[in-house]
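Residue numbers (numbering that gives the first Met the number 0), protein chains in the order written: chain A, 0 to 231; chain B, 0 to 241.
Certain hints may be false.
[Said to hold, decoys possible] Derived lysine-lysine pairs resembling DSS-like cross-links, with alpha carbons at most 25 Å apart:
id: 1; chain 1: A; residue 1: K80; chain 2: B; residue 2: K156
id: 2; chain 1: A; residue 1: K135; chain 2: A; residue 2: K194
id: 3; chain 1: B; residue 1: K134; chain 2: B; residue 2: K152
id: 4; chain 1: A; residue 1: K194; chain 2: A; residue 2: K13
id: 5; chain 1: B; residue 1: K134; chain 2: A; residue 2: K135
id: 6; chain 1: B; residue 1: K1; chain 2: A; residue 2: K80
id: 7; chain 1: A; residue 1: K94; chain 2: B; residue 2: K152
id: 8; chain 1: B; residue 1: K156; chain 2: A; residue 2: K135
id: 9; chain 1: B; residue 1: K134; chain 2: A; residue 2: K80
id: 10; chain 1: B; residue 1: K156; chain 2: A; residue 2: K94
id: 11; chain 1: A; residue 1: K80; chain 2: A; residue 2: K13
id: 12; chain 1: A; residue 1: K13; chain 2: B; residue 2: K134
[Claimed, not checked] To spell it out: a stretch of chain A is covered by chain B in this simulated footprint if at least three of its residues, at any positions, have a beta carbon under 8 Å from a beta carbon of chain B; those stretches are:
id: 13; stretch: 60-70
id: 14; stretch: 75-82
Bear in mind the hints are in silico, worked out from the structure with no lab data behind them. The structure displayed is predicted, hence computed values, not measured ones. By construction, the Cβ of each residue, glycine as well, lies at the ideal position given by its N, Cα and C atoms.
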Amino acid sequence: MILSLTDAKLDYPKTTAFEHFSLTVASGEMVSIIGPSGCGKTSLLYTIAGLLPLSGGTMRRAVGNDEVALMFQQDRLLPWKQVISNVLLGLPGEKTEEAADLLQSMGLGSVIHHYPHELSGGMRQRAALARALIRKPNILLLDEPLASLDEQQREMLQNDIKEYVQDHSITLLLVTHSIQEAVFMGSRIVMMTNKGVSYELHNQLHGEASLRTRDEFFTMQKTLRHHMEASR
Amino acid sequence: MKYLRGMLVVLLLWYIAAFLIASPVIPFPHTVLMYAIGQFFPQEMHLHLLYSLYRILSGLFIALFFAIPTGMIAGRVPALDRLISPVLYLLYPLPKIAFLPVFMVLLGIGDLSKIILIAVIIYFPASVTIRDGVKEIPFEFLQLAEAYHLSRKQVLKDIIWPAILPRIFSSLRITLGISLSVLFISETYAASHGLGYSIMNYWVMAQYTGMYAAIMLLSLLGLLLYIVVDWAERLCVFPKVK
Chain A
0 MILSLTDAKL DYPKTTAFEH FSLTVASGEM VSIIGPSGCG KTSLLYTIAG
50 LLPLSGGTMR RAVGNDEVAL MFQQDRLLPW KQVISNVLLG LPGEKTEEAA
100 DLLQSMGLGS VIHHYPHELS GGMRQRAALA RALIRKPNIL LLDEPLASLD
150 EQQREMLQND IKEYVQDHSI TLLLVTHSIQ EAVFMGSRIV MMTNKGVSYE
200 LHNQLHGEAS LRTRDEFFTM QKTLRHHMEA SR
Chain B
0 MKYLRGMLVV LLLWYIAAFL IASPVIPFPH TVLMYAIGQF FPQEMHLHLL
50 YSLYRILSGL FIALFFAIPT GMIAGRVPAL DRLISPVLYL LYPLPKIAFL
100 PVFMVLLGIG DLSKIILIAV IIYFPASVTI RDGVKEIPFE FLQLAEAYHL
150 SRKQVLKDII WPAILPRIFS SLRITLGISL SVLFISETYA ASHGLGYSIM
200 NYWVMAQYTG MYAAIMLLSL LGLLLYIVVD WAERLCVFPK VK
């Protein structure tokens, strides 16, 4: 167990983001979190990242804050820094070569000295992802990282992230609006409302290369869609 | 090129005024220019120019030295801002030039009182502009810094400083004009050098050509400083941030 939340609750001054939320995540697991807008998915990730303290319940994490990397929904690249400096944000200069290699492997080798506004949406998201990965996280938190991309770019980046996370045995928590993305990325798909987990699905075919074309891929999406409708 | 166009327009208006008024009170630009060139060294105009430049640059640097931390603290620490901002608002509108005699008594009649007066006048608008710049830094960037465990020093270097640099330059542009006017007034008291002194000296002697030559140099000094600020901004501030 790398992460465990028990009866977790998060209050904002005027509203409750989520409550009665319990989840246990094993090391190396890839968990997709879906749910209706405003159910507290992003707040949940911020809590796990240590940005927001829980108002109730408990969270146990087997790793320190610096082993958790959060990739925000918007890329949040600093406009005054080149791609390489954005990736190295807050890290010592010795990591420069490593960062350049990582960017190269992510297809950004030719733009490491470009500024964010000179990149396409997909490239920006890749740079933001590199900024999270260079920290060698044990837990990677992704908050709808691909929402702003077109379908082709989204699928390419989904493949790349999945492969990287599996190869490096990283524990992944992915928040997404897309049921298709949740099924492709997650070995477990957790559906949440602001009253806690409403449904869970284990994806037995998660490791299959042909997942996208398998009938079960669509069946799982249908099941999740059905439960999503029912929980509204 | 844009500066050349501006100069041509001013010269044209000057020629029209000189032609219409046709009095020694408004000499023709070419007469003034010839005088300024011919008398630049004999009449020590270069010294007046250098003195003025020294006073204005010293005033600017002292003002920014204090305004940058004031603006940063007011922008970052709301509890202190509740104290700092009302003080700034109370003192900002005071006619600081009226305190020149006080500065002269306290700091002497030399350069220091003139420099401090310029610094005090620039300090207030610069502090307010920088404070607003810090407050406008997107929360998303500060949250990013927290998520990626940046130290206070790194937040200052990588996020706050680059975000407020454009504000510092715009406050410089706003205050340069004010500081040049103040420079003129401060140099008319107890000075033996400086363009303000030179202008008033020629005025007293009713030497209008010399007076206009000194005014022209003061204007060119302003233009030069604006060009330097623009150039430094292009060098330091990433275009997309402006």
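Okay, the hints, checked on the actual structure:
1. About 12 Å separates the Cα atoms of K80 (chain A) and K156 (chain B), which keeps this hinted pair within 25 Å; it holds.
2. A distance of roughly 33 Å separates the Cα atoms of K135 (chain A) and K194 (chain A); the hinted pair therefore is violated under the 25 Å criterion.
3. For the hint pairing K134 (chain B) with K152 (chain B), the CA-to-CA distance comes to about 18 Å; that is within 25 Å, so the pair holds.
4. Under the criterion of a C-alpha separation no larger than 25 Å, the hint pairing K194 (chain A) with K13 (chain A) is consistent with the structure, at around 16 Å.
5. At most 25 Å may separate the alpha-carbon atoms for a hinted pair to count; K134 (chain B) and K135 (chain A) exceed this at roughly 33 Å.
6. Between K1 (chain B) and K80 (chain A) the CA atoms are separated by roughly 30 Å; this puts the pair beyond 25 Å, and the hint is violated.
7. Of the pairs offered as hints, the one joining K94 (chain A) and K152 (chain B) holds, with about 19 Å between alpha carbons and a cut-off of 25 Å not exceeded.
8. Taking the CA atoms of K156 (chain B) and K135 (chain A), the gap is about 24 Å. The hint holds against a cut of 25 Å.
9. For the hint linking K134 (chain B) to K80 (chain A), the alpha-carbon distance of about 20 Å falls within 25 Å, and the restraint holds.
10. Using a Cα cut-off of 25 Å, the hinted pair K156 (chain B) and K94 (chain A) holds, with the two alpha carbons roughly 18 Å apart.
11. Between the alpha carbons of K80 (chain A) and K13 (chain A) the distance comes to roughly 37 Å, so the proposed pair goes past 25 Å and is violated.
12. Taking the CA atoms of K13 (chain A) and K134 (chain B), the gap is about 24 Å. The hint holds against a cut of 25 Å.
13. Taking a C-beta to C-beta cut-off of 8 Å, the stretch 60-70 of chain A contributes 4 residues in contact with chain B, enough for the three needed, and the coverage statement holds.
14. With 5 residues having a beta carbon nearer than 8 Å to a beta carbon of chain B, the stretch 75-82 of chain A meets the requirement of three or more and the stated coverage holds.
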